[in-house]
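**Student:** Letter by letter, the chains look like this.
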Amino acid sequence: MSLRTRETIKLKLKINGEDNCFAILPGDRLSTVLRREGYLSVKTGCYTGDCGTCTVLLDGQPIVSCLMLAAQAQGSSLTTVEALAQGSELHLLQKAFLDEGAVQCGFCTPGMLLSALALLRRVPHPSEEQVREAFSGNLCRCTGYERPVRAVLKAAAATEESSK
Amino acid sequence: MAVKVFFNPASPQEAVRLMYEQPGRGAYLAGGTDLLCSPEWPDFVVNIRGLLATLAQEAGELVIGAAATISRIAAWQALSEADDGLMQSCARGFASEQIRNMATVGGNLASAVPSADFATPLLALEAQCVIQAPEGQRTIPLEGFFAGPHQSVLDRELLLKIRLPLPSAGVRTEFLKIGRNPGDIATINVATLLELECDKIQKARIALGAVAPTPIRAYAAEEFLAGKPASDENIQRAADLAREAVQPISDQRASADYRRQMSMVLTRRALQRCLGRNQ
Amino acid sequence: MSNSGEQQFRVVGRNLWRVDGRQLVTGAPAFSDDYPQRGMLIGKLLGSPHAHARIRAIDTSRAQDLPGVHAVLTYKDVPKARGPIGRRTDLFNRVPYTRAGQDYPEPSPWDYFLLDDKMRHIGDRVAAVAAESEEVADQALKLIQVDYEVLPAVFTPEEALKTGAPVIHNEPDVIYVKDPQRNVCSGVDVQVRDVQAGFAQAELVLEHSYYSQRVQHAQMELHTAISYFDEHERLVVICSTQVPFHLRRQLARALGLSIGRIRVIKPRIGGGFGGKQEMVIEDICAALTVATHRPVRLELSRFEDLTAARSRHPMRIRVKTGLKRDGTLIANEMIALVDAGAYGSHSPTVPTNTGNKNLPRYRCPNVHYQFEAVYTNLPVSGAMRGYGTPQGSFALECQMDEAAEAIGMDPVEFRLKTTVRSGDLDELSPRIYEVGSSDSAEIEGWPIASCGLQECLQRGAEASGWSEKRQAYAAYNADKPLIRKGIGMACLSQGSGVAGIDQANATIKLNEDGSVILFIGAADIGTGGDTVIAQIVAEVLGLDLEEVIVYAADTDLVPFDSGAYASSTTYVSGNAALNAANRVKADILKIAAELLEVAQAELRLADHQVIAAQADKRLSLQEVTMHATYVLKEQIEHTASFVSPVSPPPFAAQFADIEVDSETGQIRVVEFVTAVDAGTIVNPPLAIGQVEGGVAMGLGQALIEELVFDERGRPLNKGLIDYKIFKATQMPKFKTILVETYEPTGPFGVKAIAEIPIDGPAPAVANALKHAIGTRVFELPLTPERVLRALDKM
Ligand SMILES: Cc1cc2nc3c(=O)[nH]c(=O)nc-3n(C[C@H](O)[C@H](O)[C@H](O)COP(=O)(O)OP(=O)(O)OC[C@H]3O[C@@H](n4cnc5c(N)ncnc54)[C@H](O)[C@@H]3O)c2cc1C
Ligand code: FES
Ligand code: FES
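Residue numbers (the working numbering), protein chains in the order written: chain U, 1 to 164; chain P, 1 to 279; chain X, 1 to 794.
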């Protein structure tokens, strides 16, 4: 069978709070569809679930979007890094990443931010170990993880401050 | 090459029917963390993500839906209370947060790789596999599920759920794994279970992974321990017997010699930890 | 921040957001793949299934007939040049070139062709396809039918050197290869005085052989290129390269186009580490655009990137050391046998560093360094962070520990006694760069202007608890416990750019509000180079960092730069920017002097103001710049250059505190201390990040990373699942100490910092392992199996 005889699927899903409907092919990876539709914060570095640069939140949970067929996400709700900043105001985590020098090449950064976001929603004041575990699926070849870990701890502390 | 058709069945029966009736090469798709990593994709997939995800406590047993994710299993309190944290401990060393949120226990078993992490604890817990065939369901012990590397007894059938007989109260378990870094595919993994009565071992279960064409139980070691005092010598003897039970290969992760040696070391350590002796 | 007595800085030395920070944390378009073009085709490569083979016949007709396929290129499309280059009848001509991104003329062999009929490693280019989708491209690759004549292959330098070994580069048209018939790609043999005489005088002579394995960059962003013809028929290539200008020149040669017709744009890069100091895919991607006249995107798969792009040179290094019992070094000899892989690439220069970035660290009168880089049928060894230095530091620092032990001296003590100080001479480097005149005593050494190594050793030892742990662990290990403990160290030196070669230029254009546009050729590969250079400019011109707008690494817009390698960005490109900024500043002051009617020399430019302290007069910067633009009608703009005559070495000492499971052989690194002298630190968090990232990569090399091949040269690492790099959950506790010195030749006193942190982890951990278990492991990585064998438990 060739490409043209294959039926497209109508994929409905919420991305960053907005309803979307895309025409996809049965074998499209979720990461491919997201990038095609302009969510360029979703990177790809392996397509085997190892690097975590394609991390998105699926119903609040971090997953690797390269190992999910887009069709499997039918009806679910996704979060990408595009959702973090409010206009030109960066999210606390984004600021903390820049303050702490947690961004080097930045290729892993969107995935790390999302893993961190999911963690802080679940555990507002995580231990260092919990932060590291949250990054267990995000490889970073540049930073040695120390600055990103500190950035998350700093953002968590800042949330505490502002909620007092 | 490319997936041409995507099916979203409403029931396990429909899933199996599609698998049997559709032309071309098909595969069940659960978490996708094995299937979508393989270079050759099937012609069609039958999506079972979310279809078989129930976790339930039934009379004298715990039932895990085959498509339950590793994260959900790790968070299931009834299970960790019953198995002394064995499955949870296995989940902790499994891949990464993201993969645990996707990967399913059924996919882990159905892929039938010798290193599958959940195979060893489930072997130690004497799990039963409930299989959906077109003509109906059948149940087999997990011991009989694996047929060789990348081969299970499933022939287009669906693994529906895994039934765990409740271990006796006070059971002690341990899971140990060696990888090149945390969350690595196992170079070797070991799960042990001990039922004790006044320092005497009533029952021992020892399962090892990545040291033979399929995950295995070390029967001779288990039998040796039954009814024996939990002395260091007996534990060592059982570990030596476990070493004799393995037939490892050399690959990019480790040599056969290393795996053989670690079969002994990890079995001894796991058993000692079951006995509360930290090693 | 302290800076050795110089003035207080406003922007330099501060913890500021990187200039591309907002773009990166918001996930805005930044990387090559984020710039798709309309009508873009997908390019894919067919890699050789054999390590050494000749194509007897190749049939692409079925692939070409597949709907959606626009081009299939093979060696037949690159005919051997019979006529003059540029013959109109062929799309391309067969010309040899190198893909190693270095200055012209490259020191590398020209031993590569766009496409060839001979395959020299698994994954070597057989054919290239451009098609409308990834799927069609994949299908097309499968339809190409190739009949190979499989040739005998060699997988180690030792085998390749044997008489009768298959010759890997027997084609007649390669040039600049040292001895193709013997498979020798390159080599160096230099001597300072006479090591043989030295060994004769020594009271003790030690000799050991050390092996460093093949590791890979494993940067997160894969090699990616997008090429197209723009509206002026100029070829544009957007790609993740560290060397835009070298790439443009080499592309021109490979494709037979003029340099001026090509534009290379480097957007943000998702990690380079040397792997992108090379034209890995851009030539073939652009060739597909030339063939189809369509935009083409080519991205390697992770498997191709790992196993068929570039990797670190494996080396076996024999070190022979002669010393006196009081610790005085008399002679040091290093002989390296280097696996170049299938093509020459950086093989003439990388192993040069192995000697000359390490041996000069020690005060030793007689020094001999020799290497031979040998072709094998394995992937190409290229540039990788540290550029040959880590292999040498592993060998030499292990050897120095052995030497210290042999005379019963503490390893730190030994280094304090034997390493160089400010004012000492590096006698080896000038001999290497003037090959042939090696033993003449008349060659002047290069002076080492700033050296904080003594302080690095002392402060590092203190921070790591060296003396206490050294003793305590030895006592603890005496009972042979299950978990052994060890602490080990290494000291390191690197360079700051390549002396006399690396060139940078910067242009600064002043806006009428006093803000500036900075055009630099430097290629920020994630190291924060753009930010650091902008900080330097902001400092000189009294601006805030946000007022320096950076345009970098677009060959159409910015002046020439050698590129991002040899840790050169801050030092070399920073100096060029500093020079340009100083000229702009001089213009501003000149105009201000006229306006204020004071002598220019009395003026100061600081914090958006021109101040004449004596006369108590001042003008805002904007008043001056508005005046320049609208009254004088002048555009203030300057371009300045920098070529460094020297490559001032940064220094470091690193300490590893480890635990060894004596039953499983597993090593856990508990704490890792780095004390580094990199001159002035322009942006502390970025600098510390460079150290921590370098250590993480170095620990990978020490413990878990290795590309492995089977007996037919097939890679066993199928992807990142089997090429392990360090994860967040296994990092040690870091302590990083910035020992600031002031390098007089660097902008604001800086030296380089990007590479040196990777040099120490392997020897420091290996030395700690020896401390823990009492036996040395001479081969990397330090796997559990090797540890158990060293313990005699396997
Ligand atoms: C980065 C990474 C890390 C990993 N780390 C580990 C690890 O540490 N330990 C480990 O053991 N594994 C690991 N794996 C492998 C993989 O995650 C597990 O095997 C996982 O449990 C597979 O489950 P899945 O739901 O994703 O399977 P899928 O990929 O959906 O399916 C796998 C196979 O099983 C079949 N299948 C799935 N469900 C059923 C069913 N109910 N009945 C019949 N057939 C079925 C599919 O058709 C397919 O052939 C890792 C994988 C990745 C990508
Ligand atoms: S691309 Fe998805 S994990 Fe690497
Ligand atoms: S910052 Fe480059 S990979 Fe993490």
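Think of the hints as simulated: they come from the structure by calculation, not from any bench. Glycine included, C-beta positions come from ideal geometry on N, C-alpha and C. Do not take every clue at face value.
As the list claims (entries may be wrong) - These stretches of chain X come out as covered by chain U in the derived footprint (C-beta under 8 Å, 3 or more residues): (1) 14 to 21; (2) 218 to 227; (3) 766 to 772.
Said to hold, decoys possible - If the Cβ cut is set under 8 Å, some of the chain P residues that face chain U in the computed set are: (4) Arg25; (5) Gly26; (6) Leu29; (7) Gly32; (8) Thr33; (9) Leu55; (10) Ala56; (11) Glu97; (12) Ile99; (13) Met102; (14) Asn181.
**Student:** Can you give the numbers of the hints that this structure goes against, from lowest to highest?
**Tutor:** Per hint list: 3, 4, 5, 9, 10 and 14 violated.
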